[in-house]
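Just so you know, the sequences run in chain order R and L.
Residue numbering for the first sequence follows the numbering used here, beginning at 1 and increasing consecutively.
Residue numbering for the second sequence follows the numbering used here, beginning at 1 and increasing consecutively.
What the hints contain is simulated information worked out from the structure, not anything from laboratory work.
Keep in mind that a hint or two might mislead.
Computed Cβ-Cβ distance ranges for the label pairs, DEER-style [as the list claims (entries may be wrong)]:
no., chain 1, residue 1, chain 2, residue 2, range
1, L, Lys50, R, Gly115, 52 to 58 Å
2, L, Val296, R, Lys252, 51 to 57 Å
3, L, Pro94, R, Ala74, 50 to 56 Å
4, L, His181, R, Val90, 22 to 28 Å
5, L, Val296, R, Phe318, 30 to 36 Å
6, L, Val296, R, Val274, 48 to 54 Å
All C-beta atoms in this analysis are idealised placements derived from N, C-alpha and C, irrespective of residue type, glycine included.
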Amino acid sequence: MKKISAFLNNGNINRFRTIVQILTFILLMYGGLAHISISERIPTFACPYNPASGGTCYLIAIQHQFHTTFANLASFSGIAILKGLGLFLVFFLFLNKAWCGFVCPLGTIQDWITGLRRKMGFRFARYEDNNFKRLKAIKYILLVLLIGISLSMSNSFFGLPHASHDMSSPFCQVCPGRTVLPLFAGDTSQLVIDFSSTTTLVMSALRMIVTGLFLVGAFVKKRFFCLFCPMSALQYIFSKFAFLRLTKDGDKCTTCGNCSRVCDVGIKEIADDVVSKNIVTDDCMMCFKCVGACPEKDCLKVTFTKIPVFTATEEGFFKRYDADENKEIKI
Amino acid sequence: MKSIILGLLLSVSVLFSGTDTGVLWLSQIPPQERAGQIKPAGMHRLPSIKQRGRGPVTLALWLRQGESVLEADYPDQLGFDSLETIILTSAAEPIRHELSKVAGGLELQLKGLGEGFYNTYLLGKTIENKTLEVLTIQAELMNHSCRNGHEHVSRNLGPYYGGENIPLEIVRTRVQWEDYHTFITSGDIVEYQLLKYGQPAPGVKVTLSTHHGWQKSKLTDAEGLVRFEFIGEYFGKDKEFHNRDIYHYLLVAEFTAQDSGVFQNQAYQTVKYQTTVSEKYRPAAEIYTSTVWGLVTILFTMMIISLGIFVYRKKTSHDYREIVFSEKD
């Protein structure tokens, strides 16, 4: 048992993650070719606009389900929403936010763009603390909007007329995943401006702008889009109940800041917070780079149903970073 | 589970008025008198009887006569010696159906339908001048609403066909990537297979009539296949393009075979087979979308943002300066 534990703790989490990302990318992007359809309630961006998709993002389902009247919501539709949410939770609770770090195809693409930037030798960017706090609110606003606009297509708010049906699945209309992911299956049908109505023109133009922003943003800032992702906001609501957890023992933390520096999203609390045990924040994508970069034994821990599966150790830290006392450590 | 429900064999004693007024087909367009009681149901906007709330629906189809989709009549009587209804469905429960006279014409109702496919066939037979006329009136229906999810219908994409139960049948070949959202659009080349009792029927004339009356006839090949290209028929006058407009088309296939036999104690020497099916199509997305504009917008955005980042970095970068502090100071 000790040997297995040492093997896991000394392992290269980044390499493991890359392998998992490639495998899940193939599954979710091309699974449809092998008639694989995992589910339509997947807590990650498996885009149904990709004709070869092996599953479907829960966000499109939730938008469809809320496109109904309040009266219907109080009847069978309400039960259908709860049923859908239940299935989403079954998937989500196992992996928690590691769906973002290990499975999300759009996240994987961002990591590849980051790799390209690194190869090209460009400097990466980080947000200032205040900007970071302001920007992270966008994902909650998007989550409220995607449900609110869907509801407003079948209901009147404050006596206003119903929203146009051209606003159907409002978040998908601006999601860069809808443009980018089908391209990997050779489908360019989403890379368009839709001139059929004013609403479709505005929304499709907005999606193209967001796609441009996504591509440049991901190039200069690691996991640029994750900070604005409404799926991340939805996941965080249920994160505390998940089986997979990232915990911290504040007593063992020296606040060296390694964990914060390797964090792709740029979460500072991971280093500064020495009080909380559950260290998963709404922006965390559970890539576990922080655990790999922590030299303090048992300070950061990944647990599954409270069983440790990956723990910070000094030995693991030095192995991963190929360092000894005389070498400079590059994180 | 697929099940074939054989409908009640009806003896229809009512005859035509005597003149040949064209082919009979099942239409999804209600007669004017019924339009107020009908609403579109699900993704494929099937005509359903208005009801409160959600749940199983009652779909309605109307018999029409004539090759023009827009101008065909709604007859209120049929002239068959026998009429049989067959419903091919994925539903486990038997399908209740009723062909009745309503205001405006003859209406076929399929009652209490959940999600799934419901292929409907009216098989009419008439004998006249030692010729047996066998008419198959088809309708291919997929009842699906995206709100109910897709897992349960993904296995229902078909195509489904009645096989040896159906004298003559037109089956649309599914396209690549076909799913529950697929619509035929203008510009598509669509393939159909003509089957006589489940076997390919070669060399048979098939005629396509589009919504606004354009017609094209072709012969089926050795495998009973025939392909039609759907022409663009958008005639919108508004400033905005109605990309959700739905058009209907009609396919008619017929041929005469030297088959002899006895039907209702009358001998016949030839059999005239005819089948009709009507489905929907939409304007092509290519008409109202532009990839070039999409690419230009993305590239322009990328350029502007990259320029902004470059300028910002230039502005905020400082030259290297060495500051030497002396302890003496």
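Right, here's what the structure says about each hint:
| no. | hint | in the structure |
| --- | --- | --- |
| 1 | L/Lys50 / R/Gly115: 52 to 58 Å | holds, 57 Å |
| 2 | L/Val296 / R/Lys252: 51 to 57 Å | holds, 54 Å |
| 3 | L/Pro94 / R/Ala74: 50 to 56 Å | violated, 32 Å |
| 4 | L/His181 / R/Val90: 22 to 28 Å | holds, 26 Å |
| 5 | L/Val296 / R/Phe318: 30 to 36 Å | violated, 51 Å |
| 6 | L/Val296 / R/Val274: 48 to 54 Å | holds, 51 Å |
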